[in-house]
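Undergrad: Here the protein sequences come in this chain order: A and B. Quick note: to get the working numbering, add 103 to the position in the first sequence (first position is 1). Quick note: to get the working numbering, add 1 to the position in the second sequence (first position is 1).
Simulated from the structure, these hints should not be mistaken for lab results. Since the structure is predicted, the reported quantities are computational estimates derived from the model, not experimental observations. A virtual CB, placed ideally from N, CA and C, is assigned to each residue, including glycine. Be a bit skeptical, because a hint or two may be false.
Stated by the list, open to error - Facing chain A, according to a computed beta carbon distance under 8 Å, are these residues of chain B, among others:
id	residue
1	Lys36
2	Val263
3	Ala265
To be verified - Derived pair list, reagent style EDC-like, types lysine to aspartate or glutamate, alpha-carbon separation capped at 16 Å:
id	chain 1	residue 1	chain 2	residue 2
4	A	Lys146	B	Glu100
5	B	Lys110	B	Glu100
6	B	Lys253	A	Asp147
7	A	Lys148	B	Glu255
8	B	Lys256	B	Asp146
9	B	Lys253	B	Glu100
10	B	Lys250	A	Asp110
11	B	Lys256	A	Glu153
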Amino acid sequence: MMLLSIDWGFAGVVCLAGIGTTFIILIGLIYFIRLLSWAVGLKDKQQTKETKVETKVVEKTSTNEHPTSHEQAAIALAMHLYFDAHDEEPHVITIEEVEKRYSPWSSKIYNMRNFTK
Amino acid sequence: MKKSKSNLVKYFAFLLMIFLVPTLAIAGEVSIGDKMSEFIGSMGFAQLEGNWLCLVMILVSFVLLYLAIVKKFEPLLLLPIAFGMLLTNLPGAGLYHPELFAEGHVHWKDFADANNVGLLDYLYLGVKLGIYPCLIFLGVGSMTDFGPLLANPKSFLLGAAAQVAIFATFFGALALGFTYEQAGSIGIIGGADGPTAIYLTSKLAPELLGPIAVAAYSYMALVPVIQPPIMKALTTEKERQIVMKQLRKVSKTEKIIFPILVTAIIALLLPAAAPLVGCLMLGNLLRESGVTERLSKTVQNELMNICTIFLGISVGATATASSFLNPQTLGILVLGVTAFALGSASGVLFAKFMNLFSKNKINPLIGSAGVSAVPMAARVSQNVGQEANPSNFLLMHAMGPNVAGVIGSTVAAGVLLAFLG
């Protein structure tokens, strides 16, 4: 009798609509994520292409105008020998001192675990 | 020596006079006996007479406290729930008054009389108005990494499949004689998502809030016990050994755009789910944007913990003897565990179904993680998978359906709220 009093048609509609909506929204999100990753991937590809072009340009100019790494090393050694130059350091260690203002709120003296003596 | 003793007696007699003389003077007007009996009558012990169901509820709260402290069953929530249950059932304490929230409405006029409003009544307003579950979702979102889901969007299907249990349980609850609203609230236990269950129940059937919260959180704690037998029964050894392809790396841009657009899409399609989805995704955006680290930390820790305490204690307060000790509670507990089992089973079966069509095979064990219970359900998938193949790491693959389950259960709750609210 109790079972007959329930509107099973309405219950069925709720179930079908519920399952249907859940699946449709989540399947929609699958396609949305794919679209998103595709769009982001496309943007990344464009960026990498641009950087590749930039590096190529830099490489080209470097080969034309600047000495090679071997030549740079040879120049550096020659200058070092000619000037007899060393990097002199003062041997003074400098540590910046940070002054903290006293505050009872951050004081270690006052805490909740102090026992009364 | 004798002299000092007599002095002491004199002083004592003097003090006695100071206190006794005024008392005797007003004794004629006020009866001390009446006052004493009134005081004794106001004690909780005196009110226990003819109210033995309160004692049963206090014992139930002790059992839940034991489960939370000793057995460590979701202690962060079960402990405040059990303590709220203890407080509300102490006779004479007057901390919670169900009549203020009778017939599903807040009787604001009665709140004006501060003498008849308890502390838990004020705290319960946060549940009744749907504030705490949403704020907890803010924290959940802030702690969730949607990366595995974005790397493998098919996981959404497993998250959706596990929600079938919610609607199957809805039918079961109707057959057991619950109303549509109550059946919807019971069904949502199958989503294994505590805040969603509490949010929906507070809107549809607040009278069942106590038993449903206890059932939902107890079963979530029992995920490692409930799920493995079902997972093993529905899969072969060979299926459990399937090694899945490594997930791709997800860019930061995707992680930032995802919460913004998901909120917009779901809120436009299903406005009833907007509060939960909105808070979940806002929390996630705070995490992924990388510019609101302070807010993200606050939401993950302080806000989440404060809301958990308030939510737990006020939900526990609704478990009064009259609302908890009845056959309905037993029905809710049975339907709850059925919903949980069905959710796990439907996820596993749907993963097997997907394997019929996909080139890259899915380990069906990750399907059971489609019930939310983050991250416990994913850990169970990992453990059961490693029993079959110790070199198999399913945790990150299972996190996809796991977080998809959170979104799925909020969508399902939104549908139920739209139809039954």
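Undergrad: State for each hint whether it applies.
TA: Okay, the hints, checked on the actual structure:
no.: 1; hint: Lys36; in the structure: violated, 38 Å
no.: 2; hint: Val263; in the structure: holds, 7 Å
no.: 3; hint: Ala265; in the structure: violated, 10 Å
no.: 4; hint: Lys146/A - Glu100/B; in the structure: violated, 60 Å
no.: 5; hint: Lys110/B - Glu100/B; in the structure: holds, 12 Å
no.: 6; hint: Lys253/B - Asp147/A; in the structure: holds, 12 Å
no.: 7; hint: Lys148/A - Glu255/B; in the structure: holds, 15 Å
no.: 8; hint: Lys256/B - Asp146/B; in the structure: holds, 9 Å
no.: 9; hint: Lys253/B - Glu100/B; in the structure: violated, 50 Å
no.: 10; hint: Lys250/B - Asp110/A; in the structure: violated, 50 Å
no.: 11; hint: Lys256/B - Glu153/A; in the structure: violated, 24 Å
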